[in-house]
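**Student:** Given these sequences and hints, build the entire structure.
Residue numbers (my numbering), protein chains in the order written: chain W, 1 to 255; chain A, 1001 to 1769.
In case anyone wonders, no lab produced these hints; they're calculated from the structure.
We put the CB at the ideal spot given by N, CA and C, even for glycine.
Don't take each hint at face value.
As the list claims (entries may be wrong) - The list that follows gives simulated cross-link-like pairs (lysine-lysine, BS3-like), each with its CA atoms no further than 30 angstroms apart: (1) A:1145 with W:78; (2) A:1381 with A:1411; (3) W:78 with A:1558; (4) A:1412 with A:1311; (5) A:1381 with A:1412; (6) A:1314 with A:1363; (7) W:78 with A:1572; (8) W:187 with A:1572; (9) A:1092 with W:71; (10) A:1558 with W:71; (11) A:1092 with W:78; (12) A:1092 with A:1038; (13) W:71 with A:1572; (14) A:1283 with A:1412; (15) A:1767 with A:1752; (16) A:1367 with A:1411; (17) A:1367 with A:1308; (18) A:1558 with W:187; (19) A:1748 with A:1758.
What the hints assert, rightly or not - Far from chain A by the CB rule (all over 10 angstroms, computed), these chain W residues: (20) 1; (21) 188; (22) 207.
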Amino acid sequence: MPKIAIRDWPPYSPTDQQRRDNAVIAAKLMVNAALTAPTIGGIPMTEAEIVYGEEEQESIARKMEELAHEKSDSYSWKHIFLYEAVMAREVDVILFLGNTRAYSEPWNGECGLCAGRPDCSFVYENRTQSAGLIDTTDRRSDTMVKGPLCAAYGHQLGYNVGSALMTATHLYVDTRPLITMGIAGQKLGYCRNSAIVVGIGISARGKPEASDPAPDYQRVNLVRAIDAIRGNVNQLGVRPATGVNYRSGDPMKKR
Amino acid sequence: MAEYDGNAFAHQGLLQIAQHCAQAVLHAPQLTGKTDIKMVILTDNDLEEFLKLQAKSGKLGVRFNENIKMAHDLGEPPVLLLIGADVTCIVKAPCTAACPVGIDVPRYVRLIGDGKYNEAAAVIREKLPLASICGRLCHAPCEIKCRRGTLRDDPIAIRALKRFATDSATPDAKLNAPMGDTTGKRVAIIGSGPAGLTAAYYLRKVCGHAATIFEASSKPGGMMRVGVPEYRLPREVLDREIDIVRNVGVEIKLDAKIESIDALFQQGFDAIFVAIGAHHSFKLGIEGEDMSEVIEGLSFLRDMNSGKGAKVGKRVAVIGGGNVAIDVARTVKRLGAQEVTVMSLERQEEMPANRWEIEQAVKEGVKLMPSVGPTRIFGKKGRVTGLELRHCTSCFDDKGMFNPAFDDAQKKTIDADTVIVSIGQSPDLPPGFGLSLENGNRLHVDNFMLATERHGVYAGGDAVSGPASFIEAVAAGRKAASSIDQYLGGMGIIDEVLAPLETVPEVSPAALALHTAGDPGRAPIPFLPTEEALAGFAEAECGLSERTSLLETTRCLKCNEVGLDCGACGFKTCREAAINCQNRLNETGGEPWGWLMKGPSCIWRLMELGIAVDWAAAAAHRNNVESRVTMVPATAFMRMGYLPDCSMVLVLPLGPCKEHWYFDPGSGREDFKSAEVTRKGQMLAYPPLWMRFTGPGRDQGKRGMKTHDDWWNPPYERLDIVKDDEWGNASLERDYAIFAEADKVREKRKVKRLNLPKIKEVLEAKKKK
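**Tutor:** Shown next as structure tokens:
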């Protein structure tokens, strides 16, 4: 049997890739759990997509940063978008979970959760519909999510996400469900049949980035810190060996 | 060898597993971190009420009824885990949670920012009739909990904003509206302090009982009048607020000291609220206390506030660290004393007086001498010359109880020619009341209902809590009004809706003010210049200006909104959604009665609740116990008053057996029809999809389009399309019956009752005539 060597640094090295592949396996199992979660009425309505790789994660992170500066008026949410973008960059895998019916087919359960009305009229009246069938081709929206959505099916997505997260705890991978990542992923076309999407960052590392981020994580994070050190050689007191043969003696010693 | 009943053990295990599930809920990850999930575990005894309600409620949850009963008969009572949360678009902010009367602080701050001062004042008055006074006297627990303050900034000036709103509002005709028919019951309120006035206001205005206040002194107001100096609470403000209580029909009898409760009952009163306050000052119990220049703090203030005046020397020592002591010191300073020293056992940061009152006192030249206790008062020829003090090493013991420890080695003496003692008060209880004192200094009551040991006699305020704050007394008054109303056969509901429906403004004045102001810090509370303040008894604290108030509102972090503005709920901003939600709650009195749950909900908070419930179900699964998430039966529990603050509740039945319906959705469903079909002769505007395809063209009623579908005869009785407000009379009556039944359970459980009259009113309005 060939040897599989795994080291968690440097990123995207062949050994780090092995570790990431394991996280992908965990993500796949999490999808299974999401699909077997309790459902409202036992109707299939869950959509999942697993995304990993430097390029893909970078584009998701950039979309989150774009949303932070363009869409979010609230200072606190702008901040959240920014530091969670770093998480999208740093995690091993991203799992998107979405609900395919929240936009087009409200539950009709008389729950009154969406706007307090007994039938689903709040959803229907804000849609182009005929014979109770909603036109799903109209995808224009002023807001980050095109609402109103069926609130019960939004709740349903919670069960799917919850089951996926519970599985992650059994598999000992670190996860965090993120609203911001879900919105960005949806804008980029992941889970494109879904009206509402949650992004789950999955990582299998000693330091779980998503669980206890430092304040201003978009500015101060491990990758940037190490990168800064590597970029600025003076900080380590190491200079490129030019001219002087360092083997010949201590360059710091006065000659 | 011992033998144990395995089945009984299994049932105990089930309860433990329910606890495991509850634990899992607490550990479930959140998306916004703003969902406060609450849980209740119910077992066999609690289910009895549910079964009765189900029997009454007809079709709603009928499956649940029968199958729970079946499980019951089989000797396997299931354990239910109720999980609920408030997932509406309004998040309960820490300031609102900290307020003893639960004023919706973010809402009135928002309204001030929109320039709607009348509406803001109305929001405050919904919970508090004496609003202007609160803006001056409140010790502002909301500001302590303000999230802006707990992060890295100063809290927003909530109390000053409240004062601004109530002072700027024009008098509202609604407040002074004469009340309609009374119930014929009479309530006597002893004492016209904040607790008594509040209770009388609600008992008269909302509950409709005749309320008579008996006040021993010649002017109403209790401690607000005799204990609070005029520079803190101008008397015209006090009179104005008391007039509001008078105008709703409360009778205030002055100079009417009550000596016996039995006499009141003989006069025909049905219930009595004892709100006599704490007017009996404690004594120091040290040598020299009986000299004439040693005065009780409260009687000094009483003399000053009644216009009688008082005489003090040049060097005055005030003993005590509470608000009364500080009030005394500042009053003495206004009388021209040269040297005023406040001596307290507590360290300065432990002093119970309001922080800003202490700061003002120091600014006015009052000296503080913390951590000392007097041991004797010197005198020469019967006149005070000074005090001996010893160092107080700690005021509270390890358990946080008041238990001062002294160091007798550290003693000092100071000169003084007047000593004013204000070290606390207790109620001055006439023996004819027949009530007992707890710990010798406070009235003993039941904490839930404020009932004393005498039937029909309730008590609250300082008399029960010991000297406390204005707002706590108001909270006691509210609680007492609710309890007394229930005692007299009412619902105990004292909620008022005074603020009109809100709209989102085009441009907010606060935003305009901010545009030219930059990032404001906490608004400094303006005070009169010290010389001017010390010259007389003019109000020392000046209110905020309009511009400062508007800027101050922009500092609110809006903890009452999720704030993402994602649009998933259908409103463009969280703010719009919160306003809509509030309007709807006002409309329904906070109860979901035509439908199952309350809305509008925040989709993300709903999802968080979903995650939590799923974790509970997964925890059950891990423990080899079957469960099934159910929503419809949970609504019955909601109406019975379980998890009262939650807008959505789910039930997780836990059981060991696979054969019951709730684990096997295929069984026992034959009798179940969806609610639409059971409403004979009517149909929802948007019926479920299966019905849409089997019925005639759905749009014709709404759009005015004629579709030729007469050729098609539906296989069932022709249904009418109904709108929200046109429900069938039968189902409305059924709904009312469910509520009435649920309310009986609430009454039994002593939780907040359903507003049945209001529910009836709305349901009647919906009926087809």
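**Student:** With reference to the structure, classify each hint as holding or not holding.
**Tutor:** Do the hints match the structure? See the list:
1. A:1145 with W:78: holds (24 angstroms)
2. A:1381 with A:1411: OK: residue 1381 of chain A and residue 1411 of chain A at ~24 angstroms, within 30 angstroms.
3. W:78 with A:1558: holds (15 angstroms)
4. A:1412 with A:1311: holds (27 angstroms)
5. A:1381 with A:1412: Status holds; Cα separation ~22 angstroms.
6. A:1314 with A:1363: holds (19 angstroms)
7. W:78 with A:1572: Cα-Cα ~17 angstroms, so holds.
8. W:187 with A:1572: holds (18 angstroms)
9. A:1092 with W:71: Holds, at roughly 25 angstroms.
10. A:1558 with W:71: Roughly 18 angstroms separates the two Cα atoms, so the pair holds.
11. A:1092 with W:78: This hinted pair holds, its Cα atoms lying about 22 angstroms apart.
12. A:1092 with A:1038: Since the Cα atoms of residue 1092 of chain A and residue 1038 of chain A sit roughly 14 angstroms apart, the hinted pair holds (cutoff 30 angstroms).
13. W:71 with A:1572: Holds, at roughly 12 angstroms.
14. A:1283 with A:1412: holds (21 angstroms)
15. A:1767 with A:1752: holds (27 angstroms)
16. A:1367 with A:1411: holds (19 angstroms)
17. A:1367 with A:1308: Roughly 27 angstroms between the alpha carbons, so the hint for residue 1367 of chain A and residue 1308 of chain A holds.
18. A:1558 with W:187: Holds, because 28 angstroms separates the two Cα atoms, which is no more than 30 angstroms.
19. A:1748 with A:1758: holds (21 angstroms)
20. 1: holds (34 angstroms)
21. 188: holds (16 angstroms)
22. 207: holds (18 angstroms)
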